[in-house]
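Chains as they are written, first to last, in the numbering used here: chain R, 1 to 196; chain U, 1001 to 1792.
Rather than coming from a laboratory, the hints here were simulated on the basis of the structure.
A couple of the hints might just be wrong.
Said to hold, decoys possible - When the alpha-carbon atoms are kept at most 25 angstroms apart in a straight line, the in silico BS3-like pairs for lysine-lysine are as follows:
| # | chain 1 | residue 1 | chain 2 | residue 2 |
| --- | --- | --- | --- | --- |
| 1 | U | Lys1125 | R | Lys60 |
| 2 | U | Lys1071 | U | Lys1105 |
| 3 | U | Lys1589 | U | Lys1559 |
| 4 | U | Lys1125 | U | Lys1066 |
| 5 | U | Lys1125 | R | Lys58 |
| 6 | U | Lys1537 | U | Lys1244 |
| 7 | U | Lys1125 | R | Lys56 |
| 8 | U | Lys1537 | U | Lys1559 |
| 9 | U | Lys1105 | R | Lys60 |
| 10 | U | Lys1071 | U | Lys1274 |
| 11 | R | Lys58 | R | Lys89 |
| 12 | U | Lys1125 | R | Lys51 |
| 13 | U | Lys1777 | U | Lys1653 |
| 14 | U | Lys1589 | U | Lys1570 |
| 15 | U | Lys1569 | U | Lys1559 |
| 16 | R | Lys51 | R | Lys89 |
| 17 | R | Lys89 | U | Lys1125 |
| 18 | U | Lys1537 | U | Lys1563 |
| 19 | R | Lys89 | R | Lys56 |
| 20 | U | Lys1105 | R | Lys89 |
| 21 | R | Lys58 | R | Lys38 |
To be verified - Far from chain R by the CB rule (all over 10 angstroms, computed), these chain U residues:
| # | residue |
| --- | --- |
| 22 | Leu1138 |
| 23 | Met1395 |
| 24 | Lys1452 |
| 25 | Arg1479 |
| 26 | Thr1732 |
Ideal placement from N, C-alpha and C gives every residue a C-beta, glycine not left out.
Spelled out, the chains give:
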Amino acid sequence: MELTGERIIRADRATVWAALNDPEVLRACIPGCERLEKLSETEMEAEVTQKVGPVKAKFKGNVTLEDVRPAEGYLLSGEGKGGAAGFAKGGARVALEDHPDGTRLTYTAEARVGGKLAQLGSRLIDGFARKMADEFFALFQAQVEGAAPPPPARDEAAWALPDAAPAREPEMAGATPAPAPAPDREKKGWLRRLLS
Amino acid sequence: MTKITGIGASSKRREDKRFLTGKGRYVDDMNRPGQAHVHFLRSDMAHGRIVSLDVSAAEAAPGVIKVFTAKDFEGVGGIPCGWLITDRHGQPMKEPKHPILAEGKVRHVGDPIVAVVAETRAQAKDAAELVELELEELPAAIDMRAAVAGGPQVHDEAPDNLCYDWDFPAESKDAVDEAIRNAHHVTVLELRNNRLVANPMEPRAALGEYDDADDMHTLWTTSQNPHVIRLLMGAFVLGLPEHKLRVVAPDVGGGFGSKIYHYAEEAFVTFAAKVVNRPVKWTSDRAEAFMSDAHGRDHVCKVELAMDAEGHFLALRSTTLANMGAYLSTFAPCIPTWLHGTLLAGNYKTPLIFTNVRAVFTNTVPVDAYRGAGRPEATYLIERVVDKAAREIGMDPAELRRRNFITQFPYQTPVAVEYDSGDYNATLDKVLQVADRAGFEARRAESAARGKLRGFGLAHYIEACGIAPSSLVGALGARAGLYEAATVRVNPTGSVSVFTGSHSHGQGHETTFAQVVADRLGIEEGAVDIVHGDTSKVPFGMGTYGSRSLAVGGSAIVKSVDKIVAKAKKIAAHLLEASEADIAFEDGKFSVSGTDRSVAWAEVCLAAYVPHNYPLDAIEPGLEETSFYDPANFTYPSGAYVCEVEVDPDTGKVQVMSFAAADDFGNVVNPMIVEGQVHGGLAQGIGQALMEGCVYDESGQLLTASYMDYAMPLARDLPSFTVDNSACTPCTHNPLGVKGCGEAGAIGSPPALVNAVLDALSPYGIAHLDMPLTPSKVWEAIDAARPAAAAE
Chain R
1 MELTGERIIR ADRATVWAAL NDPEVLRACI PGCERLEKLS ETEMEAEVTQ KVGPVKAKFK
61 GNVTLEDVRP AEGYLLSGEG KGGAAGFAKG GARVALEDHP DGTRLTYTAE ARVGGKLAQL
121 GSRLIDGFAR KMADEFFALF QAQVEGAAPP PPARDEAAWA LPDAAPAREP EMAGATPAPA
181 PAPDREKKGW LRRLLS
Chain U
1001 MTKITGIGAS SKRREDKRFL TGKGRYVDDM NRPGQAHVHF LRSDMAHGRI VSLDVSAAEA
1061 APGVIKVFTA KDFEGVGGIP CGWLITDRHG QPMKEPKHPI LAEGKVRHVG DPIVAVVAET
1121 RAQAKDAAEL VELELEELPA AIDMRAAVAG GPQVHDEAPD NLCYDWDFPA ESKDAVDEAI
1181 RNAHHVTVLE LRNNRLVANP MEPRAALGEY DDADDMHTLW TTSQNPHVIR LLMGAFVLGL
1241 PEHKLRVVAP DVGGGFGSKI YHYAEEAFVT FAAKVVNRPV KWTSDRAEAF MSDAHGRDHV
1301 CKVELAMDAE GHFLALRSTT LANMGAYLST FAPCIPTWLH GTLLAGNYKT PLIFTNVRAV
1361 FTNTVPVDAY RGAGRPEATY LIERVVDKAA REIGMDPAEL RRRNFITQFP YQTPVAVEYD
1421 SGDYNATLDK VLQVADRAGF EARRAESAAR GKLRGFGLAH YIEACGIAPS SLVGALGARA
1481 GLYEAATVRV NPTGSVSVFT GSHSHGQGHE TTFAQVVADR LGIEEGAVDI VHGDTSKVPF
1541 GMGTYGSRSL AVGGSAIVKS VDKIVAKAKK IAAHLLEASE ADIAFEDGKF SVSGTDRSVA
1601 WAEVCLAAYV PHNYPLDAIE PGLEETSFYD PANFTYPSGA YVCEVEVDPD TGKVQVMSFA
1661 AADDFGNVVN PMIVEGQVHG GLAQGIGQAL MEGCVYDESG QLLTASYMDY AMPLARDLPS
1721 FTVDNSACTP CTHNPLGVKG CGEAGAIGSP PALVNAVLDA LSPYGIAHLD MPLTPSKVWE
1781 AIDAARPAAA AE
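Chain U on its own, in the form it takes in the complex (with noise of 0.2 angstroms):
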């Protein structure tokens, strides 16, 4: 039976009331009485000396407040870093300060040179054109190959522009070298995960406002981790205590990863508030978003798998050069190594694994995580392998998949991480059968007869989601722990006020949490609030990235909940002069086990406010609980995808003509909220294998700064989707039995989408092409291979 309310029903999202409405509250909705505005004024060049920087004219502009360039920040720290790297020599990974404006040098072009506050926006903009700044042009280093094979420097501290070289499992080296020498058939692929731009619906802003009477300090910012920004930025850069900086996120339209990090921008209004004593605002216009946002994946790889006669794996190697933009955004070492290394058995039982990742600096905006960070260039590199193999050794890929599928659960692979469950022959079956499998040669025909090539791509998929184990995450070099916070406020007539760590930017937490915690206290979904995004309000938090919030943050509240009920448990075991142990919670009322007598929930919350009658001797009044909670691994969502295509081969232009995703996602609280997450991740993976794409030319200069270069998926790119979670393992370790769905869609779609491609144009002979898949790309392979398949 459908549910209508608490945990497994399709609840509506109530957020979407105050964003369908126009009532959403962004950063850049606020303004602060006395606000000034700032403009950052911008390299645009790659790479480049300032030889001089005169200011002068910029300060005399009318409504010109204060100019700041890097001398105004001698003292305060750069932009912290929060994973360290040991390569595969023991040494510490390559760490260049990352200033908040440019010191000396520019290295990417949209690197921030000097920032001008005005009274308005129009003028910090117009005063920034007579900034007089000479920038002595340096060859860039832009493409990876050359960067690590004696290319200019980025930085003088990184010979070779060489971030670290780290290899996976290290012990592993040989064996696997000895496996692929000696096997049966190695199928071996060069590819490329292209670069892509996050491009969230809401630009970046930041507005920063100083407090002279009590020294407070408080920045709204566009972030996915209010919490995280005020530790990275009060503790590393600007020196400022926890208890005098409060930092707030309030609505944030959409992040994919992009806003996790902690930016320059956020630090300069802080800082620069204090300094002319006024609020600071920015806003990020779209094309600087282009230049200043993290962008993500850029990975260029190759791999090869060795198998024996029957197709069963023995050994996975791995080489990748991965790339870090010019300076280390926050998450960037650990996106290509514990984020992606870990990840390489996919859902197979491959007894031998090998990596080596090489993180190279170039003249380029910083990359960093992107909606599945790792794991998608770990599944694209691996679906992508195994499906050519199927085809170099003739076997059909699904069943090529089948014989190598882990079905024995716990499954610790041999790339460190431990699998606590799943069933991807059961994810097969659903999507082969959803898909409609057999029909698709009459499909095929059918298109053939109107003159398109038709394709039938599969792509499996495992993550590692739930992010993590803070001991775990430790000892692999993360500089924080990466548990959940939350606290359960019950207030006095029975209401509930949730004070979580996870930020909700487009998730739907407002609704989900809603839906567990009434479900556990048997009460009205509407009776329950949740808050976040504001560390005066919320205890603590780590926030919301690697589809973590409700199998961490979920399980926090509960962890709350829990007690919650405890201590009600207590106080209605007073109210009903009945031993605790005999009191049962159902359905919003505490009874007496085997007797009619009962208290209801309010009237103990009540009591807990009002303690005229009650236990002051053993508990204390209030009800309220926090909760810290640390996962005891990652989470395994999995699942399976089938995408179908036709290739037009007159234009080489790809229509993706269905979809199809069975994912295991362990328990589901709502179902359309995961349908959702899920047709937004497919929508992006699917912009990533047709057409998005980042381009720098030789120089350095970014090509794609607009949507007029930059293609994003519309909704007349997308096929109708057909998602069905129905193929459910629980996770075993976490209260809800939940593993996470935000990134999903965007891990398994594109290697599903590239398998299509190739399979349509497999009379062609052509085994790859790297993403983006775009008519001219597709064309130009097809053109290239028409007289090898016309002379078979």
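Next comes chain R alone, as it looks inside the complex (with noise of 0.2 angstroms):
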């Protein structure tokens, strides 16, 4: 299954990849995440925590940036061992191009599972790697827009409200493309859906 979306990010091109390449910003933006070290300019390595329906395990894994474009994009993918819960790998090609209000910042993500997570939990898998391309692009936005409360602990990350310019929710691939929203016709999440 793939992911895609985009979000309008209040800086400069310049700063949205400075901040897509440092590795604090990273580590703070990918839910559960506890620690992430550069070991190159392409490699990282990572320990995330998550929890996929029953099943909850620690992955440690390498996060590599491939087909690196300076302030255009790049593919991100990550591969982690959860140990008996089985593993997990994914990847988000990312790229950047200029905006009236920024720089429109546009994902196509990926996930798939492996092990007790599959056989447990693969039903789930579709909606929780969702939830993680909303949270971490959501967070990122936050981060380098500076106007982010410091990274939420990941349980309250699900329930943040970005409370930032136009945002578009993840879509299905192949959905038909919605027209890029307007301020005043933006989509909102259900909850402030059900706030406003």
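Mind assembling these two chains? They're in different frames, but the hints should get you there.
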């Protein structure tokens, strides 16, 4: 399954690009990330604790940057081993372009699991991946714009409401792309719709 | 008159007292002094290369005794396969090694790689987390069609992932092709027999112990056939002679085929117990069972049935892809061949039959026999295509079957086997009567008034049970004989201990066998004890599968009883000072014909063991006989099943409204137990047809590894069954005239149910749906057919 989404970030491309390459920013934005160390310009080592359905595990693995095109984008991929829980693999292709309000960040993400995660949680993976991607980019946007509180604890992150500019919810690949939302027609998350 | 004891009586199952009061003794209940526990680290990838493996951290973990990898098993054999199939080119099947722990590559999710032996199970599990394992994921062969068409290679030595490509009967191919080419009508059907997981209530377990004082190995294991395990593991894997290896299968909580096979975990605990000089125990958890117990079925088929203008069957041709999984399980190769191809005549006198079966390696759990084993696949294929043919030519499905029934016995089929007896019209008449066929239209109208679609489905079946004549199966590639052994020991005061090779794990042998012995000796059932499941007690045994226990194991017991009676008559003749020829034995009493002189059973038994007044010059003391019974033929149980369903067109939900079974099992020893066996089989068959299905994703991840995703039938999913076995034709070649009843329900019910659902859906013109008929699948079919139905 593939997820796509985009965000308009109120910062210039150079700033966004720098953040995309800053292990500290990435650590703060990867939900459940407890450790992220840069091994080289394109390789990092990470530890992430996550819960999928009934399976909770600490994943240890590598994050690799490929197809790096400065200020334009890269392919970020990660592979983590969760011991008895199995493994998770995922990736996101991120692209940046100029936008009147700053920078448009678009992404296509996918996730795959194996072992016990697949056996017990496979039906939850799509929703889980959507949530992870959404959380990551919401936190990233907040980090870059500096408008956010410190990265919330993992469980709260799901509820975090990026109080920021036009954000589009991720959509399943293949769905008809919605027109870029104007600020006044902003699509809101379900919780915000409830509250507004 | 209903009998209250002996053959024909519904004696209460004596074993149920311990099962129902929690006093069963299962392998996991066994605990040996100094026992250690093993946990297997299993592959979470379907296919991968082991790049690096470092167990040093695990070895240093608390409580760890030893960590085993493939390196520890150098010089140890792989898990053997018990049946050799020769392919259509005369070549032996491909038989890649199945190591105890993965060597270099992993080939399915659940493939064991590392075994950690520790003081406790928890410590073993914790230490397994410390194993540093790097697997390079390789493309996986999952879908069979893709696997044989240049898909990823599971084993280098099996090109196109073919284990074998088998034609049967090879000489019929041209004639069948021609008959189909020239036929008035040919019905074609493509179908899939869904992959199942057996799910016995008790997961597998194994406990190995080694006594260095006398160099004796003992394995307690959840097996349907402990002697077979002793043979396979001792001779082929570990190189242990029989007298130094005892295998015990105590109470076993269900098998359904999945506990026939020799598994790596059994060999591991036996091997490791000697290495660490401690008893080593393993108990599977449920998720582990899903990815390590052999699965069942998983055939993809195309079948063509040729008919003349009057609906007489002229020829049947089928092609099948049969999944073997990643390695060959013990009986796997013979299931889609000799237990499937030879049954393709079904109940019909189709003169020409040909099948081609390709057995395919995939990166999935090994597939082997599951309740019915090949015969359900054959029955489903035949009964579905016959039903579809009836619809296509506009004939009542019952009438089309009648028109083609075999009615003369013995009947030599064109697919090697010879049916000894049967009366298919009688079971059909019976089932239509008990299912109230005449009242169906009224019930259909009543359902329609409630907005429901009602369907009536009929299916027949034939099985080959009582497996099997050794010389025949030997010629077909079996690497063992398929006789059964029994010792009948008459104790000095007249009670009887029977030692049988037929293991009981739910079938009720302890009751049924006692009824047979008591009946033939004219003594109380309570005076007969049945001992099974221990190679140190029972002389030999080929085990329990293929509905063979009473037909083969029971016959071995009868042979021994007959020898006992013959010897006892000699003793009685001596005691009565009469000629042996004048001694009659009846109701537990030996009497001299035409006189009132007699001697009781117990007196003769005592004389045999206290031979003071005894013909010692002519016969030995004691009263104990051992027999091996090798059957002359298979037995052929058959029957007719009717299922009535209601389909909710708004939700696609199928409700089984009634299910009627008319079986011909030959003579019946215990009607209650037989009925219970049919009930269990029906539940499993209905489970297969409605809800069960093992699902792998395209990368080979097992998505159904718990009861959250693998649906088992519950009581609420099943109607109250109507079971009849009055239409009985005794087996002609075994002493009890019995045929076997253990698998019938699971064989005959899936096509009956699917035929019923398709009958219900006939207004939509839906010709076929693959099992399981889940609500979403049925609803989608209805939804897709709606515009067409509306346009008509």
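>> At 10 angstroms, judged by beta carbons, does Met1395/U keep clear of chain R as stated?
In response: Label holds. Min Cβ-Cβ 44 angstroms, cutoff 10 angstroms.
>> So if I understand the rule, the pair passes when the alpha-carbon distance is 25 angstroms or less; does Lys58/R with Lys89/R pass?
In response: Holds, because 14 angstroms separates the two Cα atoms, which is no more than 25 angstroms.
> Can the restraint linking Lys1105/U and Lys89/R be considered satisfied, given a maximum Cα separation of 25 angstroms?
Replying inline: Given that 25 angstroms is the threshold and the Cα spacing comes to 20 angstroms, the pair holds.
> Hey, Lys1125/U versus Lys51/R, does the alpha-carbon distance stay inside 25 angstroms?
Replying inline: holds (20 angstroms)
> Is Lys1071/U close enough to Lys1105/U, meaning Cα to Cα at most 25 angstroms?
Replying inline: holds (13 angstroms)
> Quick one, are Lys1589/U and Lys1559/U close enough, alpha carbons at most 25 angstroms?
Replying inline: holds (20 angstroms)
> Given the hint that Lys1537/U pairs with Lys1559/U, does the C-alpha gap stay at or below 25 angstroms?
Replying inline: Distance of about 19 angstroms is within 25 angstroms: holds.
> If you draw a straight line from the CA of Lys1125/U to the CA of Lys60/R, is it 25 angstroms or shorter?
Replying inline: holds (18 angstroms)
> Between Lys1569/U and Lys1559/U, does the CA-CA distance stay at or below 25 angstroms?
Replying inline: holds (15 angstroms)
> Is it true that the CA of Lys1589/U sits at most 25 angstroms from the CA of Lys1570/U?
Replying inline: Since the Cα atoms of Lys1589/U and Lys1570/U sit roughly 13 angstroms apart, the hinted pair holds (cutoff 25 angstroms).
> Does the structure keep Lys89/R and Lys56/R at a Cα separation of 25 angstroms or less?
Replying inline: holds (16 angstroms)
>> Hint check: Lys1537/U vs Lys1244/U, CA-CA at most 25 angstroms. Holds or violated?
In response: holds (14 angstroms)
Violated hints for the displayed structure: none, as all numbered hints are satisfied.
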